[in-house]
Structure formats: C-alpha cells, structure tokens
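Asker: Protein chains in written order, with our numbering: chain A, 395 to 989; chain B, 395 to 989.
Any given hint could turn out to be false.
Repeated chains share a single entry, so a pair holds when one copy, or any two copies, can fit it.
To be verified - Straight-line Cα separation of at most 30 Å, DSSO-like style, residue types lysine-lysine; simulated pairs:
1. Lys936 / Lys972
2. Lys775 / Lys972
3. Lys936 / Lys541
4. Lys894 / Lys647
5. Lys725 / Lys775
6. Lys936 / Lys886
7. Lys725 / Lys680
8. Lys584 / Lys619
9. Lys725 / Lys619
10. Lys725 / Lys972
11. Lys725 / Lys541
12. Lys680 / Lys584
13. Lys619 / Lys936
14. Lys894 / Lys680
15. Lys886 / Lys680
16. Lys725 / Lys863
17. Lys863 / Lys972
18. Lys441 / Lys894
19. Lys647 / Lys863
20. Lys619 / Lys894
Hints listed in this document are in silico derivations from the structure and should not be mistaken for laboratory results.
2 protein chains.
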Amino acid sequence: MQVYTAPVEEALFLLNDLFGLDQLTNLPGYEEASADLIEAILREGAKFCEEVLLPLNVVGDVQGCTRADDGSVSTPDGFKEAYQQYAQGGWMGLAADPDLGGQGMPATLSILMNEFMGSANLSFSMYPGLTQGAYAALMVHANDEIKQIYLPKMVSGEWTGTMNLTEPHCGTDLGQLRTRAVPQEDGSYKISGTKIFISAGDHDLTENIIHLVLARIEGAPEGTKGISLFVVPKNILDDNGAPSGPNSLECGKVEEKMGIHGNSTCVMNFDGATGWLVGEENQGLKAMFVMMNEARLGVAVQGLTQSEAAYQTARAYALERLQGRSLTGAKNPDGPADPLIVHPDVRRMLLTMRSFNEAARAFAVYTAIQSDIAHKSEDEKARAAAGDRLALFTPVLKGVLTDCGFDNAVMAQQIFGGHGFIEETGVSQYVRDARITMIYEGANGIQALDLVGRKLMANGGRGIMTLFKELGGYIEERAGREDMADFILPLKRGAEDLQKATMWFGENALANPDHAGAGSVDYMHLFGHVMLGYMWAQMAEKALANEDDSRAQFFETKLALARFFMLHIMPQTTMRLKRIQAGADSLMALPAEAF
Amino acid sequence: MQVYTAPVEEALFLLNDLFGLDQLTNLPGYEEASADLIEAILREGAKFCEEVLLPLNVVGDVQGCTRADDGSVSTPDGFKEAYQQYAQGGWMGLAADPDLGGQGMPATLSILMNEFMGSANLSFSMYPGLTQGAYAALMVHANDEIKQIYLPKMVSGEWTGTMNLTEPHCGTDLGQLRTRAVPQEDGSYKISGTKIFISAGDHDLTENIIHLVLARIEGAPEGTKGISLFVVPKNILDDNGAPSGPNSLECGKVEEKMGIHGNSTCVMNFDGATGWLVGEENQGLKAMFVMMNEARLGVAVQGLTQSEAAYQTARAYALERLQGRSLTGAKNPDGPADPLIVHPDVRRMLLTMRSFNEAARAFAVYTAIQSDIAHKSEDEKARAAAGDRLALFTPVLKGVLTDCGFDNAVMAQQIFGGHGFIEETGVSQYVRDARITMIYEGANGIQALDLVGRKLMANGGRGIMTLFKELGGYIEERAGREDMADFILPLKRGAEDLQKATMWFGENALANPDHAGAGSVDYMHLFGHVMLGYMWAQMAEKALANEDDSRAQFFETKLALARFFMLHIMPQTTMRLKRIQAGADSLMALPAEAF
Numbered sequence: 395m396q397v398y399t400a401p402v403e404e405a406l407f408l409l410n411d412l413f414g415l416d417q418l419t420n421l422p423g424y425e426e427a428s429a430d431l432i433e434a435i436l437r438e439g440a441k442f443c444e445e446v447l448l449p450l451n452v453v454g455d456v457q458g459c460t461r462a463d464d465g466s467v468s469t470p471d472g473f474k475e476a477y478q479q480y481a482q483g484g485w486m487g488l489a490a491d492p493d494l495g496g497q498g499m500p501a502t503l504s505i506l507m508n509e510f511m512g513s514a515n516l517s518f519s520m521y522p523g524l525t526q527g528a529y530a531a532l533m534v535h536a537n538d539e540i541k542q543i544y545l546p547k548m549v550s551g552e553w554t555g556t557m558n559l560t561e562p563h564c565g566t567d568l569g570q571l572r573t574r575a576v577p578q579e580d581g582s583y584k585i586s587g588t589k590i591f592i593s594a595g596d597h598d599l600t601e602n603i604i605h606l607v608l609a610r611i612e613g614a615p616e617g618t619k620g621i622s623l624f625v626v627p628k629n630i631l632d633d634n635g636a637p638s639g640p641n642s643l644e645c646g647k648v649e650e651k652m653g654i655h656g657n658s659t660c661v662m663n664f665d666g667a668t669g670w671l672v673g674e675e676n677q678g679l680k681a682m683f684v685m686m687n688e689a690r691l692g693v694a695v696q697g698l699t700q701s702e703a704a705y706q707t708a709r710a711y712a713l714e715r716l717q718g719r720s721l722t723g724a725k726n727p728d729g730p731a732d733p734l735i736v737h738p739d740v741r742r743m744l745l746t747m748r749s750f751n752e753a754a755r756a757f758a759v760y761t762a763i764q765s766d767i768a769h770k771s772e773d774e775k776a777r778a779a780a781g782d783r784l785a786l787f788t789p790v791l792k793g794v795l796t797d798c799g800f801d802n803a804v805m806a807q808q809i810f811g812g813h814g815f816i817e818e819t820g821v822s823q824y825v826r827d828a829r830i831t832m833i834y835e836g837a838n839g840i841q842a843l844d845l846v847g848r849k850l851m852a853n854g855g856r857g858i859m860t861l862f863k864e865l866g867g868y869i870e871e872r873a874g875r876e877d878m879a880d881f882i883l884p885l886k887r888g889a890e891d892l893q894k895a896t897m898w899f900g901e902n903a904l905a906n907p908d909h910a911g912a913g914s915v916d917y918m919h920l921f922g923h924v925m926l927g928y929m930w931a932q933m934a935e936k937a938l939a940n941e942d943d944s945r946a947q948f949f950e951t952k953l954a955l956a957r958f959f960m961l962h963i964m965p966q967t968t969m970r971l972k973r974i975q976a977g978a979d980s981l982m983a984l985p986a987e988a989f
Numbered sequence: 395m396q397v398y399t400a401p402v403e404e405a406l407f408l409l410n411d412l413f414g415l416d417q418l419t420n421l422p423g424y425e426e427a428s429a430d431l432i433e434a435i436l437r438e439g440a441k442f443c444e445e446v447l448l449p450l451n452v453v454g455d456v457q458g459c460t461r462a463d464d465g466s467v468s469t470p471d472g473f474k475e476a477y478q479q480y481a482q483g484g485w486m487g488l489a490a491d492p493d494l495g496g497q498g499m500p501a502t503l504s505i506l507m508n509e510f511m512g513s514a515n516l517s518f519s520m521y522p523g524l525t526q527g528a529y530a531a532l533m534v535h536a537n538d539e540i541k542q543i544y545l546p547k548m549v550s551g552e553w554t555g556t557m558n559l560t561e562p563h564c565g566t567d568l569g570q571l572r573t574r575a576v577p578q579e580d581g582s583y584k585i586s587g588t589k590i591f592i593s594a595g596d597h598d599l600t601e602n603i604i605h606l607v608l609a610r611i612e613g614a615p616e617g618t619k620g621i622s623l624f625v626v627p628k629n630i631l632d633d634n635g636a637p638s639g640p641n642s643l644e645c646g647k648v649e650e651k652m653g654i655h656g657n658s659t660c661v662m663n664f665d666g667a668t669g670w671l672v673g674e675e676n677q678g679l680k681a682m683f684v685m686m687n688e689a690r691l692g693v694a695v696q697g698l699t700q701s702e703a704a705y706q707t708a709r710a711y712a713l714e715r716l717q718g719r720s721l722t723g724a725k726n727p728d729g730p731a732d733p734l735i736v737h738p739d740v741r742r743m744l745l746t747m748r749s750f751n752e753a754a755r756a757f758a759v760y761t762a763i764q765s766d767i768a769h770k771s772e773d774e775k776a777r778a779a780a781g782d783r784l785a786l787f788t789p790v791l792k793g794v795l796t797d798c799g800f801d802n803a804v805m806a807q808q809i810f811g812g813h814g815f816i817e818e819t820g821v822s823q824y825v826r827d828a829r830i831t832m833i834y835e836g837a838n839g840i841q842a843l844d845l846v847g848r849k850l851m852a853n854g855g856r857g858i859m860t861l862f863k864e865l866g867g868y869i870e871e872r873a874g875r876e877d878m879a880d881f882i883l884p885l886k887r888g889a890e891d892l893q894k895a896t897m898w899f900g901e902n903a904l905a906n907p908d909h910a911g912a913g914s915v916d917y918m919h920l921f922g923h924v925m926l927g928y929m930w931a932q933m934a935e936k937a938l939a940n941e942d943d944s945r946a947q948f949f950e951t952k953l954a955l956a957r958f959f960m961l962h963i964m965p966q967t968t969m970r971l972k973r974i975q976a977g978a979d980s981l982m983a984l985p986a987e988a989f
C-alpha cells in the first residue's frame with residue numbers, strides 16, 4: 395500500500411535552521427513570509443496532498459486518461475474534484491504576482507508544495523506544474539495585453555497551461571522543428587503542425603487550456619534561429635476574455651505510456667489554429683528556455699518525490715513484514731520471524747534512499763532560494779551570484795535527482811520482493827512514474843552536456859570557481875574539528891575529485907570536445923554527489939550544535955544519516971573521476987557499423 | 395520497434411575459440427556434440443526465436459493472460475501455436491536424458507538456446523524454463539515410478555511443470571510455510587493451501603501441468619526441517635498415465651504485474667489436491683534447492699536476455715534517429731542532423747550494454763560448462779572442482795546479470811528519449827520484463843547473502859581460494875606482456891580489491907555477521923565484475939592472437955569492447971571495496987523506529 399506523509403518538519407528545518415528564513419524575508423515582496431505563515435501553509439498543503447491527492451494516485455495509474463471520438467480527453471475519477479479544491483485553495487498562485495491574483499510567496503515555498511504534491515500524486519501535480527511553467531514564460535516574455543488576458547485565469551487555476559515543443563522527428567534538436575505560423579492581417583497567426591508528448595495537452599479539468607507553442611513563421615530562417623513562441627488557447631476568447639468557441643486544434647491521441655497514466659500525454663494537431671506571438675519574432679527558443687529552466691528545477695524535485703514516496707512505502711513494509719531472522723540472533727523471538735528491517739542489506743537500501751532524499755531536498759531548497767534571490771534581490775551582485783548558482787545547479791539537480799530518484803524507487807520495490815512486482819502494492823507505480831523524470835525537460839544526457847558544455851564555462855567559469863572557493867573555505871575552516879572529521883574528510887576527497895575532473899576537461903576538452911561529452915554524465919553525478927555531501931556536512935554541523943533536548947532524536951538521526959552517506963555513497967566520486975579521465979578514445983574507436 | 399538477431403557467432407566463438415568444445419565432447423554422453431551439430435542446432439534455434447517468438451513478444455505484453463470464471467487461464471494469441479512448434483521441434487528435451495526421450499545434448503547448449511528464447515520473448519520462454527527446472531528436480535529426487543510417469547511427457551513438451559514455493563506470508567523464509575499434506579491410505583497425500591506468484595501456474599498450452607509443491611506433512615517439525623516436496627498434477631492420471639479428470643486445485647487469480655504479462659503468474663489454491671511425495675519426507679527443501687540452483691543460472695541468463703534485446707533495439711534506433719550534431723563537426727552533413735550514435739554519451743551507453751552482454755554471456759557459458767562437467771565427468775576431482783565453481787558462481791551470476799541486465803534495459807530506454815517511455819516502441823517492455831529477474835528465484839539480496847554466508851566458506855573456502863590462485867597465475871603469466879597491459883592491470887587491481895574484501899570479511903564478519911550482510915551486495919558485484927573483467931582479458935588475448943583476416947573485424951571489435959570495459963566499468967571495484975570496508979556500524983546505528 396502506498397504510504398505518504400509530507401515531510402513538513404524536514405522542510406521547516408531546512409528553511410528555519412539550515413539556510414535561514416531571512417534569506418527570503420529580506421527580499422522585497424517577501425517581508426510577510428514569516429516562519430509562522432510558512433509553517434501554516436506547508437501544513438495545510440501537506441493535508442491536501444495526503445488526504446485528497448494520495449488516494450487518487452493509484453486511481454490515476456489504473457484508469458489513465460481517455461480520449462473520446464470527438465477528441466476530448468477525460469482525466470481519471472476524482473481528478474476534477476481534486477483540481478477544483480486545489481484551485482479554490484489558491485495553490486496555483488502560491489508564488490504568483492499579487493497583481494495577477496497570486497499570493498506572492500517565495501518560489502521556494504512553491505517548490506516545497508510541489509514536492510508534497512508530486513509525492514502524493516505525480517500525474518496530478520503535472521497539470522498545475524505545467525501551468526506554473528507557462529505562467530513563468532509569459533511573465534517574462536509576453537506583452538501586457540497577453541499577460542492581462544491569460545495570466546489572471548492561470549493564476550486562479552481557472553485555466554491551465556502547456557508547453558508544445560516536441561515534434562515526431564525532433565525533441566532535443568529543436569532546430570528541425572516544422573510547425574508553421576502564418577501571419578494574419580489582424581496581427582494573429584495561423585498555426586499548423588503536429589506536436590507530440592504534450593503533457594496535460596487536453597483534459598476536462600478546466601474550461602480552457604493555454605498552449606505555448608513553438609513554431610516557425612513563414613520565411614523565418616532555418617534552424618533554431620527561426621523559431622518563435624505563440625500563445626494558442628484551446629478555446630478562442632470573446633471580447634470579454636471568456637471562452638467563446640473551439641480553436642482549430644485537437645488532441646489526436648493519448649499515448650500509452652510506461653507510467654504517469656493519470657496525466658494526459660497528447661499528440662496535438664494544430665490545423666490553422668489561431669495564436670498570438672509571445673515576445674519577439676524568432677526569439678522563441680530564448681523564451682522557451684525560461685520555461686524550461688523553471689521546469690527543470692521542477693522535474694528535479696519530481697525525481698525526489700518518487701524517491702520519498704517509495705522510501706516511505708518501503709519503510710512501512712520493512713517494519714511490518716516478518717521474514718527471516720537477524721544475522722545476530724532473533725530480534726522478534728515471540729513472532730514467527732523478524733521484521734525485514736533487522737537485515738543489514740534492507741537497511742542499506744532504506745538508508746541509501748533516505749540519506750539521498752534529505753540531502754536532495756536540501757540541495758533543491760538551497761537552489762530554489764538562489765532562484766528567489768536572483769529574481770528579487772535589490773543587490774545586483776547578490777542577484778548575479780545567485781543567478782550563477784541557479785544556472786550551474788539546475789542541470790545537476792535535474793540529472794542527479796531524477797537518476798537517483800528512479801534508482802531509489804527501484805530499490806524500494808526490491809524491498810517488497812515478489813510483492814513489489816505486483817501492481818497491487820503500488821510500489822511499481824513509483825518506478826514507472828519516476829522513469830519519465832529522467833527523460834522529459836531534456837533527457838539527463840542533455841543536462842550533462844548543458845552542464846559541461848555551457849554552464850561550466852559561462853562567464854569565464856565564474857560560477858564553478860566561486861563554488862570551489864566556497865567549498866575550499868568551508869572545508870578549511872573545519873579542518874581541525876575532530877567532531878566534524880567524519881564529514882569533512884570525505885567531502886574534501888569529493889571536492890578534490892571534482893576539481894581534478896574540472897581541470898581534466900579544461901586541459902583536454904578544448905582539443906577534443908568528445909572528451910567532455912564522454913565524461914559528462916559522470917561529471918554531473920560527481921558534481922551532484924559533492925553537493926549532496928556538502929549538504930550533509932552542513933546538516934551534521936547543525937546537528938552537532940543542537941542543545942535542544944526535545945530535538946535530540948531528530949538530530950541524532952541526521953548524524954546517523956550523514957555518516958552513512960559519507961561512508962557508503964561518497965566513495966563513488968573517485969570512480970567517477972577515473973571514468974572521466976579515461977576520456978573519449980575508447981568510446982569513439984568503433985565505427986558506427988561495428989556496433 | 396523491437397529488434398533481435400540471436401548472437402550465434404558470439405556463442406560459437408565462446409564454445410569453439412574461447413573455452414574449447416572438447417571440454418564438453420570429452421564428457422561421457424556428449425561425444426557426438428560436434429561443432430557442426432552444435433552450430434546447426436543454434437542456427438535452427440535462432441531462426442525459431444527470431445521468426446516465431448519475437449513477433450509474439452509485444453502481443454504477450456499487451457494482451458497478457460486471462461482467467462475465465464471457471465478458473466481456466468488463457469495465454470496470449472499465438473502462444474499456443476508457438477508452443478506446439480517448440481515442442482514438436484524437440485527443444486524442450488534438448489539437454490534431457492535420451493532414455494526419457496531427450497536429445498542428450500550438453501546443458502550448456504540448452505542455456506544458450508534459452509538465452510535466445512528469452513531475448514525474443516521472455517514470457518514465453520518461462521513456460522519451458524520452469525518445466526526444465528521441474529525436470530531437473532524430479533530427475534535427482536523422484537523415484538523411478540514417478541520419473542516414468544511424468545518425465546517423458548515433460549521432456550516431449552506435452553506437459554509443462556511449475557514450482558510452488560511462495561505463500562502469502564512467506565517467500566524467502568520458507569520455514570514459515572503452511573501448506574499441509576495429509577497422508578492417504580493409498581500412499582498419496584491430500585495437499586491443501588494457497589501458493590502465490592506461481593509462474594505458468596495455469597495456462598492453455600498443454601493438456602496437463604505438473605506442479606511441484608512444497609508442503610508440510612501432518613505432524614512434521616516446524617521450520618524448514620518439516621518441509622516435503624510433492625508432485626501434484628493439474629489433471630489426475632488414469633492407469634495408462636493419461637489425464638482423466640481434474641485434481642482439486644485451481645488458479646484463483648492471475649496477478650496484475652509490472653511486466654512479463656505473457657506469462658501467467660497465478661495464485662494457486664490447493665484444496666485437498668492429490669499429490670505424491672518426491673524423495674524423502676521432510677527433505678523437500680533440499681530437493682527444491684536442486685531446482686532452484688538450475689533455475690538461478692537460468693534467471694541469470696534472463697537478465698542477459700533483456701540487456702541483449704534492449705541493446706539491439708537501442709543500437710538500431712541510434713543508427714537511424716537523426717538528432718543533433720556531433721561535437722566535432724557534422725558527420726552526416728547532407729542530412730538534417732547526425733545519427734544519435736555520433737554522440738559520445740550515446741556510445742557510452744551502448745558500449746556499457748554491449749561490453750556487459752558479451753562478458754556476461756562468456757561468464758554464463760563458462761559456468762554452464764562447469765555444470766556439465768560437475769554432472770558428467772568421470773574424474774572425481776574434476777567434478778568437485780567444477781562443482782565448487784558452479785556453486786560459487788551461481789549467486790554471483792544471478793545477482794549481477796539481473797541487476798546489470800535491468801540497468802542496461804533502462805539505459806537502452808534512455809537512448810530513445812521520450813519515445814522510450816511510450817509503449818509503442820517496445821523498449822519499455824524490456825525494462826518492465828527485466829525487473830522481475832532481480833526478484834524471483836531469490837531476490838538479489840538473498841543471492842548476495844548466499845554468496846557471503848554460505849558459498850564463500852563452503853568446504854573451508856576451497857572454491858574462492860582456487861579462484862584466487864587461478865586468477866593470480868593468469869595475471870602473473872601475462873605481467874610482462876605489453877600488448878596485454880591494458881587488460882591485465884585493471885584486472886589485477888580488481889582481483890586485489892576482491893581479495894582485500896574477502897579478507898576483510900574473514901577478519902570482521904565472524905565477530906559480527908552484520909558486517910557480511912552490510913557488504914554482501916557490494917561484494918557480489920565486486921566479484922561479478924572481476925569475473926567479467928577476467929572474461930574480457932581472455933577474449934582480448936584471443937583477439938590479439940588472431941591471424942585469420944576474415945575475422946579481423948570481429949576481433950578488433952572485441953579489443954575495443956575490452957578496452958572500454960577496463961577503463962569505464964572496472965573502476966567500480968575499488969568503490970565496492972571501500973563500501974564493504976565501511977562495515978555495518980553506520981547501517982545498524984539507527985533504531986528501527988527512527989527510520
């Protein structure tokens with residue numbers, strides 16, 4: 395049975411103790427985001443996720459979405475009512491602009507709420523998730539008229555949004571995009587083409603759906619330089635901004651997928667659909683990148699969501715299922731067997747998941763705070779520094795949290811033995827749902843290339859050099875502390891491995907870019923694990939400093955998890971470095987036809 | 395689209411070149427297994443798998459098995475006809491005793507044929523696979539009467555077999571087993587109880603199904619010492635050995651599973667079903683272990699099957715799909731983009747799969763040859779040495795080939811990007827089907843415990859010490875060879891890591907067995923990867939020695955794969971060692987309630 399309690403205490407620890415809420419409340423507009431208010435919001439959100447969304451998770455998996463002959467798409471039973479509750483609760487606009495009806499809370503809070511939602515019901519959470527991404531793109535690039543028409547309805551949750559990028563012959567390589575846009579006399583465009591893998595592309599949750607569509611204006615340059623972004627509503631609006639009739643677009647098919655059955659993944663056919671240009675002509679990719687960067691952080695957290703939900707489900711099973719005896723003598727001598735949790739290998743799996751989850755959440759929250767600072771701070775230097783971190787960490791988070799999130803869901807399934815392979819227990823769904831997070835919003839190999847090919851060297855490598863300086867300082871300051879040695883030494887080794895890997899790229903990848911490509915995924919994981927280790931060192935330090943007896947157990951658990959992570963997870967950094975230093979030659983030696 | 399060509403050349407290379415067919419033909423009974431005959435059988439088997447079984451793989455996945463209200467179970471369209479072809483082709487009895495109608499070929503050949511079948515259609519291959527396991531258990535433990543009644547029909551494929559072990563409250567921990575057997579006056583028993591996860595438990599392929607059932611005879615001791623094995627036919631036989639009417643047993647449910655939908659996984663209800671004791675009273679577990687050991691080698695190969703099929707499917711896609719440009723300049727300048735295979739990271743994934751597949755097949759074939767020697771050799775010492783290897787390698791193969799097989803299927807899926815998540819392309823099926831191999835026939839954590847807790851120290855550690863001596867000698871003899879340095883140095887490091895890990899257990903696990911449990915899975919993978927590296931070193935040596943121009947490309951590819959494996963895969967051995975040496979303390983620190 396799927397088990398999930400939203401980790402509110404963890405979230406509060408990160409905000410209040412580890413990073414300090416003043417980082418957010420010092421920002422203009424966030425002055426009122428007090429600790430009490432944030433706690434109240436998180437508790438209310440947790441309740442909604444546990445009570446309303448969680449029970450619908452299996453329903454969504456089993457029923458999926460269905461397309462009727464008229465092209466309309468229905469969501470699983472209960473999704474519509476849950477969505478209404480979500481919208482009425484004001485959750486969609488939690489971090490949106492108050493002028494547009496939003497609550498104006500920090501994006502960091504929205505990230506946490508999205509984590510709770512995704513753990514409870516990933517498929518459901520995608521409907522609002524895509525809307526928030528579309529909101530972000532329109533906020534940055536659309537003119538005021540478009541903003542006023544669409545955004546208040548999206549912020550209120552009355553309408554949802556989508557991203558239409560992928561076409562049958564191109565996903566990553568958007569330069570090949572073929573969807574056409576023909577300018578009309580009234581300033582609108584007629585959009586024609588086929589888009590695939592459109593999450594939440596059609597559904598019955600709202601009366602309108604606002605599609606953001608990449609297309610090529612007639613006569614535009616080839617490749618990525620000729621792509622523009624359009625807003626294309628499912629239903630055309632009348633002069634009062636109310637839906638008045640269908641646009642020329644339709645869901646042609648709902649895909650059969652491995653997971654996230656509760657979300658409608660649509661083939662969208664645009665047949666001269668009316669749309670309006672967002673931002674400048676031929677600047678669509680830039681606008682879409684805003685949306686994608688937001689979305690990548692969101693998808694990173696989705697990886698964590700499945701790992702967390704799978705962990706909690708497996709933990710419950712491991713405490714309850716009686717099977718075998720402890721290697722060191724019966725621990726439940728009056729029962730027919732000991733609970734699974736007595737077995738070291740079961741604990742290894744549970745601790746691998748949990749020590750990842752807590753550090754991953756810390757890393758994600760830390761990065762979300764950078765996002766808030768980068769968007770809101772009045773200090774230009776602070777904005778730039780936070781922006782550097784956000785840019786550098788986003789691909790790392792996306793790749794590592796989703797790769798590990800999936801691996802952890804598989805591990806949770808393993809704890810169930812044969813029962814994990816049966817759909818009845820619900821743990822297989824976490825595996826199947828988690829799988830997509832490694833693929834969409836840029837497959838993880840693309841994240842790794844973005845990291846080594848773009849982010850690492852951006853602004854002359856300013857971001858990574860600042861990070862090395864920060865890490866070096868952190869480690870050096872604690873070098874003499876015996877109580878921190880268990881954490882600082884492995885972190886130091888990891889940081890050195892990361893520095894050596896970075897230098898190796900610097901020395902080799904310019905002459906042969908394939909060297910960067912060959913080591914990119916290992917580098918991304920090496921980077922990510924150093925950051926997770928850094929989070930654990932900081933959390934351990936807070937734990938060591940605790941003097942509040944009522945929180946003693948909370949912090950003892952933190953120390954145990956930190957120790958496990960350093961001993962059992964961090965050793966991978968050296969392996970990653972060796973693989974990176976092995977370079978591309980052995981990869982490129984075989985001619986294509988010899989594969 | 396699923397793509398599969400059976401790797402006949404690879405199989406022939408292993409048998410003829412790498413290991414030498416004389417290892418088999420020198421054994422009594424196998425004199426006639428000439429190279430020509432074996433090649434002819436493999437080619438015929440390959441054809442059957444590619445032409446008959448492969449097209450039914452997706453059919454099985456989509457349709458699954460269905461249970462009618464009367465409890466009867468139907469297999470997917472085409473399975474029955476394919477099964478008839480399989481039986482008529484004499485494949486079921488390929489390695490069975492000629493006195494029982496078998497063809498008397500080496501078990502090694504059967505393992506290779508099972509690989510081809512599993513790659514083409516894993517669900518289908520399980521029906522014969524379980525029959526062969528049941529055959530093995532009856533051959534060793536049943537009396538002549540039972541053998542004569544059941545085995546000829548199983549060898550001919552007229553009847554299939556099953557294993558009934560698991561019950562709702564116990565899988566691994568068979569001591570908790572509750573199914574009862576009540577002795578009858580005629581020497582038979584009435585069997586009552588519920589068994590779950592019974593693969594091929596009921597189906598419409600054959601007129602009878604021979605269940606091997608573990609049950610507790612009334613008054614038997616508790617725990618594993620009171621378990622007996624019974625043969626329980628679906629249909630009771632008349633005096634001529636022909637099915638004459640239903641036994642009191644029924645499929646109560648066909649489980650909904652993550653994968654292998656084409657195989658019927660049944661809840662089996664025995665309600666006073668008539669059965670006959672196999673072997674001695676209360677010795678059932680011993681008999682079942684014969685079956686399980688055979689089955690574990692079979693399941694190990696199943697892991698390879700999904701990795702191989704997924705590799706071939708992903709390779710085809712990587713050669714054909716045009717997306718992005720090479721980092722070193724366009725390789726397909728006249729096309730809209732380069733094929734995926736130009737990208738180093740795509741090659742990394744393909745090479746990870748393929749270098750695993752070829753070494754895993756070598757390791758499995760090597761172990762299968764040990765099985766043939768252990769069963770057939772007239773030399774007692776040779777039998778003992780081969781038996782040691784078989785016992786030691788079986789859990790390693792099962793754990794490593796299925797863990798990596800699954801990971802590789804996931805990797806193949808990743809190469810497809812979004813298309814991999816859509817069921818249409820067929821690659822998701824490999825992931826979902828591969829998943830079960832890590833779980834059934836003893837979850838991989840159990841394999842690891844079997845390895846470190848039982849196999850490693852069996853006969854005073856004779857098996858592992860012999861292996862270290864062999865490995866040490868192999869490495870030392872080639873220490874001065876510059877042409878082998880790329881392979882010998884990483885193998886040496888790996889072998890040293892394995893020795894250190896083994897010593898660490900020796901020094902620590904006696905005082906605290908949890909240390910062995912904590913490191914068991916890492917040890918299994920460390921062991922497995924040293925063996926895979928050993929296979930690659932031997933294959934590379936054959937490649938370097940080749941003087942046949944017509945095979946030059948075959949061997950150049952081998953060398954490239956060997957180099958990749960040594961550089962990119964072997965570095966994990968040191969990481970595994972470090973984790974093992976980290977011990978159990980950080981795993982056992984947390985009280986159960988703190989998880």
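Asker: All hints are to be evaluated individually against the structure, with a verdict given for each.
Answerer: Hint check:
For the homomeric pair Lys936 and Lys972, the shortest alpha-carbon distance between copies (27 Å) is at most 30 Å, but the shortest distance inside one copy (33 Å) is not. Within a single copy, Lys775 and Lys972 get their C-alpha atoms no closer than 36 Å, and across copies no closer than 42 Å, so neither meets the 30 Å cut-off. Within a single copy, Lys936 and Lys541 get their C-alpha atoms no closer than 44 Å, and across copies no closer than 69 Å, so neither meets the 30 Å cut-off. Taking CA atoms no more than 30 Å apart as the test, Lys894 paired with Lys647 passes in neither setting, with 49 Å inside one copy and 57 Å between copies.
Proximity of Lys725 and Lys775 under a CA criterion of 30 Å is satisfied in neither setting, with 58 Å inside one chain copy and 43 Å between copies. Only within a single protomer do Lys936 and Lys886 lie at most 30 Å apart by alpha-carbon distance; the minimum there is 19 Å, versus 43 Å between protomers. Within a single copy, Lys725 and Lys680 get their C-alpha atoms only as close as 60 Å, which misses the 30 Å cut-off; across copies the closest is 27 Å, which meets it. Within a single copy, Lys584 and Lys619 get their C-alpha atoms as close as 20 Å, which meets the 30 Å cut-off; across copies the closest is 77 Å, which misses it.
Taking CA atoms no more than 30 Å apart as the test, Lys725 paired with Lys619 passes between copies only; the shortest distance there is 21 Å, against 66 Å inside one copy. In the homo-oligomer, the alpha carbons of Lys725 and Lys972 lie at most 30 Å apart only across protomers (29 Å), although the nearest pairing inside one protomer, at 42 Å, exceeds that limit. Taking the closest pair of Cα atoms, Lys725 and Lys541 never come within 30 Å of each other, the shortest separation being 63 Å inside a single copy and 44 Å across copies. For the homomeric pair Lys680 and Lys584, the shortest alpha-carbon distance inside one copy (22 Å) is at most 30 Å, but the shortest distance between copies (74 Å) is not.
For a Cα distance limit of 30 Å, the shortest separation of Lys619 from Lys936 qualifies neither inside one copy, at 49 Å, nor across copies, at 52 Å. Neither within a single protomer nor between protomers do Lys894 and Lys680 lie at most 30 Å apart by alpha-carbon distance, with minima of 33 Å and 54 Å respectively. Taking the closest pair of Cα atoms, Lys886 and Lys680 never come within 30 Å of each other, the shortest separation being 38 Å inside a single copy and 51 Å across copies. Taking the shortest Cα distances, Lys725 and Lys863 never come within 30 Å of each other, neither inside one copy (49 Å) nor across copies (40 Å).
For the identical chains of this complex, Lys863 and Lys972 are neighbours both inside a copy (23 Å) and across copies (28 Å), given an alpha-carbon limit of 30 Å. Taking identical chains as interchangeable, the C-alpha atoms of Lys441 and Lys894 are never at most 30 Å apart, the minima being 46 Å within one chain and 51 Å between chains. In this homomeric assembly, Lys647 and Lys863 never come within 30 Å of each other (Cα to Cα): the closest approach is 52 Å inside a single copy and 62 Å across copies. When the C-alpha separation of Lys619 and Lys894 is checked against a cutoff of 30 Å, the pair qualifies neither within a copy, at 36 Å, nor between copies, at 57 Å.
Hints 2, 3, 4, 5, 11, 13, 14, 15, 16, 18, 19 and 20, counting from the list given before, are not met by this structure.
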